[in-house]
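S.K.: Chain order of the listed sequences is A and B.
For the first sequence, this note's numbering assigns the number 8 to the initial residue and increments by one for each residue that follows.
For the second sequence, this note's numbering assigns the number 23 to the initial residue and increments by one for each residue that follows.
In short, the hints are calculated from the structure, not lab data.
On a predicted model such as this, the values are computed, not experimentally measured, just so you know.
Just so it is clear, CB atoms sit at the ideal spot from N, CA and C, and this is done for glycine as well.
Don't take every hint at face value.
Stated by the list, open to error - Reference excerpt, derived from the structure (chain B facing chain A, CB under 7 Å, subset only):
#1 D30
#2 A34
#3 V64
#4 T65
#5 L74
#6 C76
Next come the chains, spelled out residue by residue.
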Amino acid sequence: MLLVINSDQVITSAFGGMFSADSFAGFMKALVLLGTFAALAMSIRTSGDDDINKPEYSLLILLALVGMMLMISADNLMALYMGVELQSLPLYVVAAMRTSSLRSSEAGLKYFLLGALSSGLLLYGASLVYGIAGTTDFDGIALALAGQDLPPVFIIGMVFMICGLAFKISAAPFHMWTPDVYEGSPTLVTALFAIAPKVAAISLLMRLTYGAFGGIADQWQQVLVALSVASMVIGALGAIMQTDIKRMMAYSSIAHMGYATAGLAAGSVAGATGVMIYMTGYVFMGAGTFAIILLMRRDGAEATKIVDLKGLSRTHPALAVGLLIMMFSMAGIPPLAGFFGKWYVFLAAVEAGLVPLAVIGVVTSVVGAFYYLRIIRLMYFDDTDTPLDAGIPVANRMVLGASLAVVLLFFAGLGSLLGAADTAAVALIMAR
Amino acid sequence: MFVFQMADIMPALPEIFLAAVALVLVLVAAYGGETAANARRVTQLAMPGLSLLCCWSSTAIR
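Let the sequences and hints guide you as you build the complete structure.
M.R.: As structure tokens, this is what we get:
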């Protein structure tokens, strides 16, 4: 990742304090941009999915990206809501972009309806918070809450806001849209959903909890612990039963958000640093895995059943090795990126006294290893008579190569990454 | 009364730049036709913008 050092005299606040461009925003925006770049690059192909080969596809992604960047920088309830809506509306459209497919239309409609519900929750919560704090500014809300007895209405508003954002990161029990949307959407869109919007939404959740509600961590910590446990358990157990790799990745992402939320629940600088390390690994693991899933085609048609991976090590040995490394990393096997992400979030949870949460995290990681290893077994120990189509587009090759390099060599750059994440976490928390 | 100051929008320039790129590409998409070749063109034009933004946003990392 490109790191450019600026002078100290940098203005980091815009639009009258509604928008923050601190080092936390820079870190998370770089991740979102890399994820979106990878997803867009893989959409450039000379033939194939005609439903996606439309000019408006890239435009909608760019507009969603503006929303994601605004979400990451939001320092005010108004900017928060604008960012969420600007991100969500184009994504509802791209989810339903395959107009010839009922499943894609269903995915778009489900995403829209549940997204609208979550936006309503978020907006209602924001109005309650504004009603008590008397300001929409995050700093102002934190100031208004300092040393005061919190009225129950405020707590309700805060919980509503956190639940609204939990929908966006697909944390359980607000995850129900995820498997259907992942499965029904065109795979290119699923690849984007699995990477960029999650980073933006968790950044916003971090800004809200560490910023506006930073002084009342004891109030939101239990909500995040509950979300984390539910996501880790439902994600790990749900993925075992799946036969479609896109649905499996959906449950896998639910579990991943549970691990990230465990770091967030710690409510400390170490927790924020852990989440940033985790999300860095998550972006590259997601991009690399979907670069391979996108190649799962037979006679030109998508073949996304897990059994379609049978014998991949014999028909496509390079892809099999790539997927093996990604699956090992997602399972948290050292010294790959996924291991360090989990290490830092669980370490932060333990330091914050949330030992049971860390234990549940470790146990669900072991359960999660089952469905990742099942894919490896199918690739290496089973045979197939009907191999997947040959040929790897240049874009997929480059995304996979870059992702593999980062996942494999994560430990080599961990020192710099930790330093950058730590500075960003301090900017997020201590600037208040 | 609101007073416009350039310094108040400077930190959001990457977002403003991205929105401007998207708006320019709307024209490319609209006048290039509903073809796969035009879709590729729009995406290929968006990629340098995204690369530039990635570098630009990274300048905030210390």
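S.K.: All hints, please: hold or fail.
M.R.: Status of the hints after comparison with the structure:
1. Checking D30(B) against chain A: minimum C-beta separation of about 6 Å stays under 7 Å; hint holds.
2. Checking A34(B) against chain A by beta carbon gives a least distance of about 4 Å; that is within 7 Å, so the hint holds.
3. Here the hint on V64(B) is kept, as its CB sits about 5 Å from the closest CB of chain A, short of 7 Å.
4. Look at T65(B): its Cβ gets to within about 4 Å of chain A, closer than 7 Å, so that hint holds up.
5. Hint status for L74(B): violated, given a least beta-carbon distance of 10 Å to chain A, over 7 Å.
6. Annotation: interface hint on C76(B) holds; nearest CB of chain A at approximately 4 Å, less than 7 Å.
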